[in-house]
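Q: Sequence:
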Amino acid sequence: MNVTKRLLILLFPYRFWVAASFVAALFVMVLNLTIPQLIRLVIDRVILENQLDILNIIAAGVITVSIGKAIFTFVQRYSMEYVAQKVIFDVRNKLYRHLQQLSLGYLGKITTGQLMSRVTSDVETLRRFLDFGVIHFLQSFLTIIGILIVMFIMHPLLALVSLASIPFLTVTIWKFAREVKPAFSDIQHQVAQLSSVLQENITGIRLVQANTQEKGEAKKFHGQNKKLFDSNIFTAKIWSFYLPLMHFISGLGTALIFWYGGRLVISGQLLLGELIAFNSYLLLLVMPLRMLGWIISLIQRAVSSGERIFEILDSEPEIKDVPGAKDIGKAEGFIQFEQVSFGYDQGNMVLENINFQAEPGQVTALVGATGSGKSALVELIPRFYDPQKGKILLDGRNIKTITLESLRRNVGIVFQESFLFSASLAENIAYGKPDATEEEIIEAAKGAQIHEFIISLPQGYQTIIGERGLGLSGGQKQRISIARTLLIDPRIIILDDITSNIDTRTEFFIRKALKNLMKGKTVFIVAQRLSTLKNANQILVLDQGEIVEQGSHHELIRSGGRYAELYKMQLYGVEPTAS
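Numbering (my numbering), first residue to last: -4 to 574.
It should be emphasised that the hints constitute simulated quantities derived from the structure, not laboratory data.
Ideal Cβ positions, reconstructed from N, Cα and C, are used throughout, including at glycine.
Fair warning: there could be bad hints in the mix.
[Claimed, not checked] Here are the simulated lysine-lysine pairs, DSS-like style, with alpha carbons at most 27 Å apart:
(1) Lys529 x Lys516
(2) Lys321 x Lys428
(3) Lys222 x Lys210
[As the list claims (entries may be wrong)] Between beta-carbon pairs, the in silico distance windows are:
(4) Glu541 x Ile228: 51 to 59 Å
(5) Gln96 x Glu119: 19 to 27 Å
(6) Lys325 x Arg92: 23 to 31 Å
(7) Glu541 x Lys104: 47 to 55 Å
(8) Phe379 x Arg10: 37 to 45 Å
(9) Ala418 x Gly211: 44 to 52 Å
(10) Glu311 x Ile228: 33 to 41 Å
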């Protein structure tokens, strides 16, 4: 009920449109109730009493009713369609904006396919509910109330007899609602799972083909598709059982009308036209009651989808501005870690008691085996995550007291895997500064040593690149990422192992570009190639989340510790000593 209430609250900003649809539905209901009375007049007055003079009036009445129904049905349908589209427009925007604010920790726990399913399939289910479900529920409710009033006015006893089957129909509808809700929830879950399998397969298609796992992936998809098929078949069984049962119970009402009403006509207590009109009203009553089965299934689907959507909207970002957070403006770039400990979950610390400081114009390199905590450490600087213990200072201020926007405006990151959008090269370079001029974009590209390549393309800076930069080499994508960072001119630079997967020639161009990027900045380099760190001002050697060595390249080589061992292993192929 809470989810249903929240769904209906979404209609409140458009209550005047909903009211217009309600009024139109009211008129449609009144016009529907008029038709059986016109039929009664034709039978009792025209056919039985031969009053042909009123036939033209009745015919004109039928035409008028039909025109009125057409007009008010249009108003009713258009109003609710407009409301549904506006509400879904708002929900999509709200959901998307909220997703942008969620922390990486939350997004890491839910698959991309699940998110895509909620933003597309679940939102579309809400649209169908708000469009068809709400208006049909209103129409059915009004029709049932109106028909019951007219039937009891016409003949109370016959109305009671004809409605004897209604309690059984109500119980059947209630049982149908109880069984169909979890069935639809399971369908929504299986759709999301199928979307996840599909998304992962498309993203990793190169790996699939490289390892000749096409059949295995097809088998995995077939298995998940079979689960969705089984869920749909189970739901179809529920529908197939209850809907005919509802129709059968509804038919009992018609049988009772003719059984009892026929006797009243024969005894002269009821006119034939009144009996036919009575049966017409019962048929009109049965239709909205039958419709309730479909409406209930739509509501249950909407509730299932609403639960999944509100689960995202109700999730609070773990990383957010604290009360009183300040905009730091242009930072100087002094970074200090004080007894920082961090883990992606409380029971498993990735970093333990980290202490060091970095200054503007200084390059700090992070070295260590895979899983030693290098990437986790630099991810704490822009507050992708918060440490469980200790604090990180920027220019003497705890970064938690700085607004996220101003903090991240001062931090530029070039990732190992450079992500590019399906847009022009100019738009990709200017992503962090959308209002950048053409001259600024070109200057950044020149600084990143990618200008000559761009102008060699047929469309130059307006060349559209494929999804994730498809069509560009790894080095070209890296240099575009460097140009993007150059353009925003941050005070703190994080380079996350950007030269690990490129050749020597490409590395030369990237190093040339990095010289322009790093001038006067506080730079953090995560690197696997130790030969590239000779000019770093300080090197932090991490092992199992702790800093085990700290110093310059030459100091660490002379000390003969872990760094010296790793350096010799890379340079001369010397096997590491057993730890």
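Q: Could you run down the list of hints and mark each one as holding or not?
A: Hints, verified against the model:
1. Lys529 x Lys516: Holds, because 18 Å separates the two Cα atoms, which is no more than 27 Å.
2. Lys321 x Lys428: 22 Å, holds
3. Lys222 x Lys210: 18 Å, holds
4. Glu541 x Ile228: 51 to 59 Å: 56 Å, holds
5. Gln96 x Glu119: 19 to 27 Å: 23 Å, holds
6. Lys325 x Arg92: 23 to 31 Å: Since the Cβ atoms of Lys325 and Arg92 sit about 27 Å apart, the hinted range of 23 to 31 Å holds.
7. Glu541 x Lys104: 47 to 55 Å: 27 Å, violated
8. Phe379 x Arg10: 37 to 45 Å: Holds, at about 42 Å.
9. Ala418 x Gly211: 44 to 52 Å: 34 Å, violated
10. Glu311 x Ile228: 33 to 41 Å: Check passed, 39 Å falls within 33 to 41 Å.
Hint check: violations occur at hints 7, 9; the rest are consistent with the structure.
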